[in-house]
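Chain by chain, the residues:
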Amino acid sequence: MKQLNPKRKKRSLAWLVCSALALLLLIWGSPLLSQTTAVAAEASSSQTVTGTSSGLTETEGILRVGMEVNYAPFNWSQTDDANGAVPVANSEGEYANGYDVQIAKKIADKLGLELEIVKTEWDGLPPAVMSGKIDAIIAGMSPTAERKEKMDFTDSYYTSDLVVVTLKSSPYAAATTLEALSGARITAQLNTFHYTVIDQIPGVVKETAMDTFPSMISAVLAGKIDGYVSEKPGAMAAVSSNPELVWTKFAEGAGFETSSEDTSIAVGLAKGSQLVEPINQILSQIPEEERQSLMQEMVDLNVGKETQSFWQEVGSLIQEYALMFLRGAGNTMLIAIVSTCLGFLLGLLVAVIRTIPIKRKKHKVGFVLHKLLCFLLSVYVEVFRGTPMMVQAMLIYYGSKLFFSIDMSSMSAAFLIVSINTGAYLAEVVRGGINSIDPGQTEAATALGMSHWGTMVRVVLPQAIKNILPAVGNEFVVNIKDTSVLNVISVTELYFISKSVAGSTYQIFQSYFITSVIYFVLTFTVTRILLLIERNMNGRTFVLQSTSVPQPVQVPKA
Amino acid sequence: MPSEHETEVIRIDHLKKSFDSAEILKDINLTISANEVVSIIGSSGSGKSTLLRCINLLEEPSGGDIFYKGQSILAPGFDERRYRGKVGMVFQQFNLFNNLTVLENCVIAQMQVLHRSRQEAEAKSLKVLEQIGLKDYAKAHPQQISGGQKQRVAIARALSMDPEVMLFDEPTSALDPEMVDEVLSSMRLLADSGMTMAVVTHEMAFARDVSSRVCFMDQGRILENGTPETVFNHPQHERTREFLSRYLKSVQAK
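As given, the protein sequences belong to chains Z and D, one line each in that order.
Once you know that position 139 of the first sequence is 139 in my numbering, the rest is easy, because the numbers rise by one and skip nothing.
For my numbering, count along the second sequence from 1 and bump the result up by 558.
If you're looking for bench data, these hints aren't it; they were derived computationally from the structure.
Note that this is a predicted model, so its numbers are computed, not measured.
Virtual Cβ for every residue (Gly too), placed ideally from N, Cα, C.
All the given hints hold, so there is nothing to weed out.
Part of the chain D face toward chain Z, derived, beta carbon under 7 Å: (1) Met647; (2) Ile666; (3) Val671.
Construct the complete structure from the given sequences, taking the supplied hints into account.
Right under this line is the structure:
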């Protein structure tokens, strides 16, 4: 026995430290990794990491412009480069076009930079430009006082009136004054000044602000609201795609009172950006007539085709956007699969570490370290279970760039966020699974001299995992659906694609119909496969093969 | 039965164990020598199981010491896992690994603790299973065999480790009456083969007929410690007589 004595303590300590390190690596590793790769990539093309000192942009030679790519006619999505469209950098096979895109092209051209369009959710645009993920916002954004506190803006590159889009059949369709809209249920896009001007309508019923124009259009079409506030170009585009709609033509001076900073749109830049002056220079060379004709051109480009039946429209949407939908679905599945697997491993690790028995008397240091580690792990579990994934995504993706200069790609950020989120949920599920296994088996393993790790791997976890498989499958299905919030960090998953298609074609029901079918097919297939796996694991029969007992006994498992 | 004063295997020295404020073991002194079969009897709550569980450190003693072949098992740096491999334990509830076959139940610890090859471990397990009459069930899962068979598998699992001592914690208490005998006869065979055993039991006939020594425990103390003949026929304490009279009646009734 003697020669075996002294190692035990060291080994268990080493194991503890290793697992702690592994966990930290899992949590912080992937941003670090992508940071190094990002730095390496930039270094290899002999470019500077922080562009402002030697170049004007974050990456030398490239102007990264953020926009939603679903706000026609300012910016929309199409599947080819017709009419001067520009490929979307973070969504393969998708092209952006519209007034914003044409202006961005002119600006990049004059600056001698290569234009890169980064498709980003509206609320993700300000943090993206502030953190340097993109160089400029050219997305029909107005330079409001609030935004000016956080960002710099160039001079205006378009100025328009505000109108109200409503149904042709609506009693408010013919309104020429704000008074005529009294009593109407009106909304506008969230976080825009459109929403604040609603208060100018006397006796208005101000509805909750909505996220996107497509959703407002569908709300109007469905009769949920009477109308929404829009800038004229947006209204023109919406009306040309949806013949049921009209926009109100206010008499001179009878429309919304707006300050020019509200009705004008400008290029949004990071505070202190050196791009302000050069871009102003370029914008000053685009006269008003050219702006108006460009806008008209863009609106005309976006005019809807002749009216078709619902199914015909769905059919032509599929024909046109099939590849984009598939790519979106592919990304959604990829994120869901990878993150559920990684999250499951993370959950296993956390749960196993939390169940390590350490004798206080024998391993004092180990005991304290373990207590500390367990505390950190429960903080991790509670924090990530207790906050929405969308918030985590915003914080981690933009925060890491803003405060730590870690430039994650949106896909690796998606893997990271969904994995650690899933890990937090599954850690608890696994813990429950482990607790459900009768402790007598662990005791028997201990009595045989087996280690905690050996007992877990061979005895407890196989049984626990079998018990929690339905819960893990459930989490997988939830992940397929929950990836839809990742559009805030520019991940082009299925939902974001659908938003783009809806926002670009203004065929909202049709687009989301296709999307819901795809989601359903994905989740239904996954649940069927998981059910098959479960059944396979349970089918266990034993046939006694014996020479001493003549008749075989078949005992299926209860 | 071999005589008592042979090589000492386990020596328990002023052992104490408390759970919170409740003192379960008060001052236990007991030596188990090689080839001895020590039965520990007593009413429920007298501390029998706790004593057994302290011996292989499933419970951590609060005071006193336990020596295995002269070496303190509580000393810092003592290799608990290796020691537990030498001390087989059979539980009241069998505690088989439900996800593994009978054979795997016997193989797994041999490979993990004794680092035997799979081939070696399987051969050993099959040999032990054959001795215990369960070779045909090697491929069965625990859910597919009876309680008595489960307990015999548990014995085989412990024996596969080539233990020096076997601890039995009320091995027949959870069994249907008709299955008790198959387990007891396996234990009897084991005792006859010279295995050192400590058996916590309520089977007075087994204690009287098979063991070389009987300990009677009451309220955390060993009151009697002697040959079955002495303890059963000439107990020293009134408490022992009281306990035995109740049990002997039931044994005679059988």
